[in-house]
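Modelling step: build the complete structure from the supplied sequences, incorporating the hints.
Chains V and U supply the protein sequences, listed in that same order.
Just so we're aligned: the first sequence equals residues 1 to 390 in my numbering.
Just so we're aligned: the second sequence equals residues 1 to 191 in my numbering.
Some hints here could point you the wrong way.
Here are the simulated EDC-like cross-link-like pairs (lysine to aspartate or glutamate), alpha carbons at most 16 Å apart as the crow flies [unchecked claim]:
id	chain 1	residue 1	chain 2	residue 2
1	U	Lys56	V	Glu299
2	V	Lys338	V	Glu299
3	U	Lys56	V	Glu230
4	U	Lys56	V	Asp176
Since the hints were derived computationally from the structure, they do not count as laboratory data.
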Amino acid sequence: MLHALEGSQAIAQAVALCRPGVVAAYPITPQTHIVENISKLVADGKLKCEFVSVESEFSAASVALGAAATGSRAYTASSSQGILLMAEVLFNIAGLRLPMVLTCANRAIGAPINIWNDHQDSMTVRDSGWIQLFCADNQEAVDTTIQAFRIAERLELPVMVCMDGFVLTHTLEVVDLPSAEQVDSYLPPFTFANKLDPRRPLSLGTLVGPEYYSESRHSLHRALQKSIPEIVAADKDWKKLTGRSAGGLLTVEGPKDAKTAILAMGSVVSTLCEANEVLAPKRKTKLIKLRAFRPFPVEALVQVCEGLTELIVVDRAFSPGQGGILGTEVRSALAGMKKKPTIKNFAIGLGGRDIPLETITHLLDAAKEQEEGDFAILDVELNKLPPEDR
Amino acid sequence: MIEIRIHGRGGQGNVVAAYLLASAAFEEGRRCQAFPNFGAERRGAPVVAFVRIADKAIRRRCQVREPSFLIIQDASLLHIPGVLEGLKKGGGILVNAPQSSEDLSKEYKQTMVALPGTQLANEYLGKPMPNVALLAAFLTLTEIVPHTALSKALTHRFKGEVLAKNLKLVEEIGHRVPAGLWKGVADAARA
Chain V
1 MLHALEGSQA
11 IAQAVALCRP
21 GVVAAYPITP
31 QTHIVENISK
41 LVADGKLKCE
51 FVSVESEFSA
61 ASVALGAAAT
71 GSRAYTASSS
81 QGILLMAEVL
91 FNIAGLRLPM
101 VLTCANRAIG
111 APINIWNDHQ
121 DSMTVRDSGW
131 IQLFCADNQE
141 AVDTTIQAFR
151 IAERLELPVM
161 VCMDGFVLTH
171 TLEVVDLPSA
181 EQVDSYLPPF
191 TFANKLDPRR
201 PLSLGTLVGP
211 EYYSESRHSL
221 HRALQKSIPE
231 IVAADKDWKK
241 LTGRSAGGLL
251 TVEGPKDAKT
261 AILAMGSVVS
271 TLCEANEVLA
281 PKRKTKLIKL
291 RAFRPFPVEA
301 LVQVCEGLTE
311 LIVVDRAFSP
321 GQGGILGTEV
331 RSALAGMKKK
341 PTIKNFAIGL
351 GGRDIPLETI
361 THLLDAAKEQ
371 EEGDFAILDV
381 ELNKLPPEDR
Chain U
1 MIEIRIHGRG
11 GQGNVVAAYL
21 LASAAFEEGR
31 RCQAFPNFGA
41 ERRGAPVVAF
51 VRIADKAIRR
61 RCQVREPSFL
71 IIQDASLLHI
81 PGVLEGLKKG
91 GGILVNAPQS
101 SEDLSKEYKQ
111 TMVALPGTQL
121 ANEYLGKPMP
131 NVALLAAFLT
141 LTEIVPHTAL
151 SKALTHRFKG
161 EVLAKNLKLV
171 EEIGHRVPAG
181 LWKGVADAAR
191 A
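Okay, here's the thing in structure tokens:
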């Protein structure tokens, strides 16, 4: 049924539809409204679940870890420094192969302190072993949240649903919420074979020495690689059920014969797609919306890049001293292509800087000037800096 | 697509105003988008929110830089640079101010419609929250959607006495501004 909902409220409803057993949370802007709305649903008796208000994000992730380990469907959400404070636990959750879902309401990381949107938080924990799926609008965020529980539980891997802070979390727009029956038919109750159970004692998180550590890490890597078909299947089945796809691994939009493409993740894709229609740049351009960042879908990406002469990768975060994170990964992924496009890389919209429609033209113009292998912040205003910092 | 920018001060229900306007459009089967541009949220600080209303899905997520309409919840914001910036030619400005529209327009050398929103809110709601009064007036001026749509949106958000008082306010204050004055602008933006 269609509703006009704030993004956070839509996510709270989606989580409730998944019937979580334990939700643990600590507030941080711009994530707060999500767990606030979940706690209201619990207080109003509309959601039967253990809601644990903890004293830090470290504890929020730890409670969720414990809950998942005992076979409960667990959820938490955070942003920015909150994600960083969770970092140690996030690595543990993945390393222990515990299925759970976390919403990252993407926000910049200080210093300087900034509450607005970019992707530096989830990028900083990209190596934690979590599946990371990025959403372009609130409908995708709702659908991806529900899919995430299924993916997590089938694979015994945690899933991070990344949605842009403020730009999505605080935007009211029309969202189609599935019915409880639909979600129940899609997402069976959680049964966890390896759960901690006093009737069947087992050890979890024991010390692993050099003789088995590599094998343990190898199996985590393998599990992430093998999650690709499950992510595709979860979206296909969702489409069968609701008529909507949340974007699979990646999707392509725009003129089929375009030789130039812009690749990006998250809500910026939504703006760039409209810009591509409204401003119709002379250089015909496709948009590649990457939804799965972990696992990184190399094969699918190579396939959609066949025939391109130019690929512009848009980052919403970067690695100081190196360059765009997504840009670097795309370059590495396409390195083996026989006829690979030239790859240009820009970061835009850091710390909430507005991304207007004309960005598409600026990207296409700047790409002409950029040397292959370089990286730049497209919308940086150098005149604000002392000459030695430019 | 109709684009609206709402300026107010923290605590005036600026975001709620944006959400209500978008929700009212949704009640009439339109597509909508509303979002705030928060500074660090605190009472009294200037805040901005944006609304888009269209007949098909809205995909752009940038701020509204060239609105067809401005709703100003606090007349003192008119002194802040940039508040009136980007208004489309022929666009409408609705201001919460106790003066007459003529006096206000003369004072700022720009055509504006004034509504004593704070006074009306005090009278009807017992609270100086001008947002719903301004929205009711805005719908009278533009006729984007009928007042009943705003009432429906209010019903989803409030209950009890607060709701009853707001519904009465919406019903009774429409005539205070000229009906359909900005209909042409709204229709042109829609097309």
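Quick rundown of the hints versus the structure:
no., hint, result
1, U:Lys56 <-> V:Glu299, "violated (34 Å)"
2, V:Lys338 <-> V:Glu299, "holds (14 Å)"
3, U:Lys56 <-> V:Glu230, "violated (33 Å)"
4, U:Lys56 <-> V:Asp176, "holds (15 Å)"
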